[in-house]
Amino acid sequence: MKRLEEIGAYLTNEHENPDAFEDAMFDAPDDADLAWFDMLARHGAHLASHYTFDMGCLREDVDALVAAGLRVQVEERWPGTTRVDLADDTQLLCTKLHIGRTDLERVDVEITLAHAQKTMRDVLVDQREGAIYGLCERPLAQIAYGAGRSHVKIRERGGERRVIVEYTFNEHL
Amino acid sequence: MAVLQGAVPDEPSIPVLVVAGAAGDRQAEAALCHRFAPAVRTFARRRLRTNDAVEEFAQDVFLRFVEALRAGQVAEPERVGGFILGICKNLARERARNAERRAQLWEQFGSALATLSDEPTLAAYQLAQLEDCLSQMPQRSREVIRFAFIDGQPAAAIASRLAMSEGNVRVVRHRAIEALRECMSTKVSWEGAS
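These protein sequence lines are chains A and B, in that order. To convert, note that position 65 of the first sequence is 65 in this note's numbering; the numbers rise steadily by one, no gaps. To convert, note that position 11 of the second sequence is 11 in this note's numbering; the numbers rise steadily by one, no gaps.
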C-alpha cells in the first residue's frame, strides 16, 4: 500500500492494523506525507468553514459569513472589462459574476493570464440569480488579482462547452 | 442532606437501590444514574456552557459513581446523594485545576509550542495552493476528499451519500489525493507553471 493511501485508510478508519500504524507513526514522526495530510486536514477544514472548499456558493452562504463577523468584500460584476482592488481588511473576496443563466447548475470558468491558464471546474451557479458567487480566501485573492490582466470565459460544461460570457479583469495592471 | 424516601411512586427508595446496586444489580445502577441525572446535569450546567460538555461531565460523574458502587465504596446508602455530589465537586475541581495547571504550564513552557503554529507566510501560501488546486479538480473529487479527510467519513458512508460503489469511492479518493499532492508541489497557477 502506498504511503498516502495508508494514511488515508488510517484517517478513515479503514486501516487493517491501526495499532501498528500508530506505533510506526510515533517511531518516525518526520514523515512528509503525514505532514501533508495534516496540512490538508487543517487548511481543508478552514476552507470548508468558509465555503471555499467547493467552487462557488449561494447568496445565503455569503450572508452567513458576513453574519458570522467575517470581512467579506463583495464585488458585483457584469460581462465586460472590469477591475477589482482588494481592501486592506478583506478576509474573503466574493466576486459575483452575472452570467444571465438560471438553467445551469454548474459551469466551468476558464482563466487566461499572460503566462498561464487555469480552469476552475464545476463552479456552482446560484440559479435564482443566474450568477456565480465566487468566494476566495485573501491569500489566493492577493496572488490572483496581483497577477495582472486576466481574461475569463465562462463555459457550459457539456457538449460543445459553449462560452456563456466573458470578462477581462484588471486590464490596467 | 436527607435522601428523598419514596419521592418517586412505585419505585424503590434510593438507599434500597444503592444496596441492590452494590450487590451487583445492574438495573439498580441504571436506575440510580437515571434518578440523579437531573441533579448532576443541573450542577454541570451552571459551570459549563455547551450541552455536549454538560453531557460529557454527567457521563464522567456516573462512570466514577458506578465504579465506586461496584467496588463497595458507597458506605452510607442514605447519603449517596452527598457521595455523588462529592464526585461532581471533585470532577469540577479537577477540571479547574487542569485549566489552572494548563495556564501555568503555558506561561512557563508555552514558547516551546510556538513551532506548532505554522509560519504565517508559508501557511498563507499553502492555503492559497490548496484552494487553487481544489478549484481545478472535478466536483466529485473535491467532494470525496472533503467527506473522507475533512469530515472523516469511511468509504461506505461516502458511497451511500454520493450514490457510488465503495470500490469506486476508494479509487476516486486515491486518485484525487495523488493529484492534489502533485498539484500542490507546484506554484499557484496564477503565478505560472514552476
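It is worth saying that the hints were derived from the structure and are not from the lab. Note that this is a predicted model, so its numbers are computed, not measured. Hints are supplied without guarantee of correctness; some may be wrong.
As the list claims (entries may be wrong) - Not everything, but these chain B residues come out facing chain A in the computed CB check (under 7 Å):
(1) Val16
(2) Val19
(3) Thr42
(4) Gln126
(5) Leu127
(6) Glu131
(7) Ser135
(8) Arg142
(9) Phe147
(10) Pro154
(11) His174
(12) Arg175
(13) Ala179
(14) Val188
(15) Trp190
Unchecked claim - Have a look at the derived ranges for each label pair, beta carbon to beta carbon:
(16) Leu105/B with Arg42/A: 20 to 26 Å
(17) Asp151/B with Ala68/A: 18 to 24 Å
(18) Glu16/A with Glu94/B: 34 to 40 Å
(19) Glu16/A with Val66/B: 16 to 22 Å
(20) Ala123/B with Asp85/A: 20 to 26 Å
(21) Asp118/B with Met25/A: 51 to 57 Å
(22) Thr119/A with Asp151/B: 25 to 31 Å
(23) Glu166/A with Asn51/B: 47 to 53 Å
(24) Glu129/A with Ser160/B: 30 to 36 Å
(25) Glu107/B with Glu166/A: 55 to 61 Å
(26) Glu60/A with Pro154/B: 26 to 32 Å
(27) Gly130/A with Asp118/B: 37 to 43 Å
(28) Met25/A with Glu107/B: 27 to 33 Å
We treat Cβ as the ideally placed atom computed from N, Cα and C, and that holds for glycine.
Quick rundown of the hints versus the structure:
Annotation: interface hint on Val16/B violated; nearest CB of chain A at approximately 44 Å, more than 7 Å. With a least beta-carbon distance of about 42 Å to chain A, the hint placing Val19/B at the interface is violated under the 7 Å criterion. Given hint, Thr42/B at the interface with chain A, is violated; its Cβ is 31 Å from that chain's nearest Cβ, farther than 7 Å. With its C-beta approaching chain A no nearer than about 6 Å, Gln126/B sits inside the 7 Å limit, and its interface hint holds.
About 5 Å separates the beta-carbon of Leu127/B from the nearest beta-carbon of chain A, less than 7 Å, and the hint is met. At its closest, the beta carbon of Glu131/B sits 5 Å from a beta carbon of chain A; the interface hint therefore holds under the 7 Å criterion. The beta carbon of Ser135/B is positioned within 7 Å of a beta carbon in chain A (closest approach about 4 Å), and the interface hint is therefore held. Taking 7 Å as the C-beta cut-off, the interface hint given for Arg142/B holds, the closest approach to chain A being about 6 Å.
Interface hint at Phe147/B: violated, since its Cβ lies 9 Å from the closest Cβ of chain A, which is beyond the 7 Å cut-off. Residue-level restraint check for Pro154/B holds (minimum Cβ-Cβ distance to chain A is 5 Å; threshold 7 Å). The closest approach between the C-beta of His174/B and any C-beta of chain A is roughly 6 Å, which is under the 7 Å cut-off, so the hint is satisfied. With a cut of 7 Å, the hint placing Arg175/B at the interface with chain A is violated, because the nearest CB-to-CB distance is about 11 Å.
Given the 7 Å rule on beta carbons, the hint for Ala179/B is violated: about 11 Å separates it from the nearest Cβ of chain A. This hint holds: Val188/B has a C-beta 5 Å from the nearest C-beta of chain A, less than the 7 Å allowed. The beta carbon of Trp190/B is positioned within 7 Å of a beta carbon in chain A (closest approach about 4 Å), and the interface hint is therefore held. Separation of Leu105/B from Arg42/A is about 23 Å and conforms to the stated range, judged on CB atoms against 20 to 26 Å.
In this structure the supplied range 18 to 24 Å holds for Asp151/B paired with Ala68/A, their Cβ-Cβ distance being about 20 Å. About 37 Å separates the C-beta atoms of Glu16/A and Glu94/B, a value consistent with the hinted range of 34 to 40 Å. About 34 Å separates the C-beta atoms of Glu16/A and Val66/B, a value inconsistent with the hinted range of 16 to 22 Å. Here the CB-CB span from Ala123/B to Asp85/A is close to 24 Å, well matched to the stated 20 to 26 Å.
The hint said 51 to 57 Å for the Cβ distance between Asp118/B and Met25/A, and at roughly 20 Å that hint is violated. With their beta carbons about 26 Å apart, Thr119/A and Asp151/B fall inside the hinted range of 25 to 31 Å. Between Glu166/A and Asn51/B the beta carbons are some 51 Å apart, a value that agrees with the proposed interval 47 to 53 Å. In this structure, Glu129/A and Ser160/B meet the distance hint of 30 to 36 Å, their C-beta atoms being roughly 32 Å apart.
Against the hinted window of 55 to 61 Å, the Cβ-Cβ separation of Glu107/B and Glu166/A comes to about 58 Å, which satisfies the hint. Taking the beta carbon of each, Glu60/A and Pro154/B are about 30 Å apart, inside 26 to 32 Å as hinted. Taken as a hint, the range 37 to 43 Å holds for the pair Gly130/A and Asp118/B, whose Cβ atoms sit roughly 40 Å apart. Under the hint 27 to 33 Å, the C-beta atoms of Met25/A and Glu107/B, about 31 Å apart, fit the expected range.
Comparing the model with each earlier hint shows violations of hints 1, 2, 3, 9, 12, 13, 19, 21; every other hint is respected.
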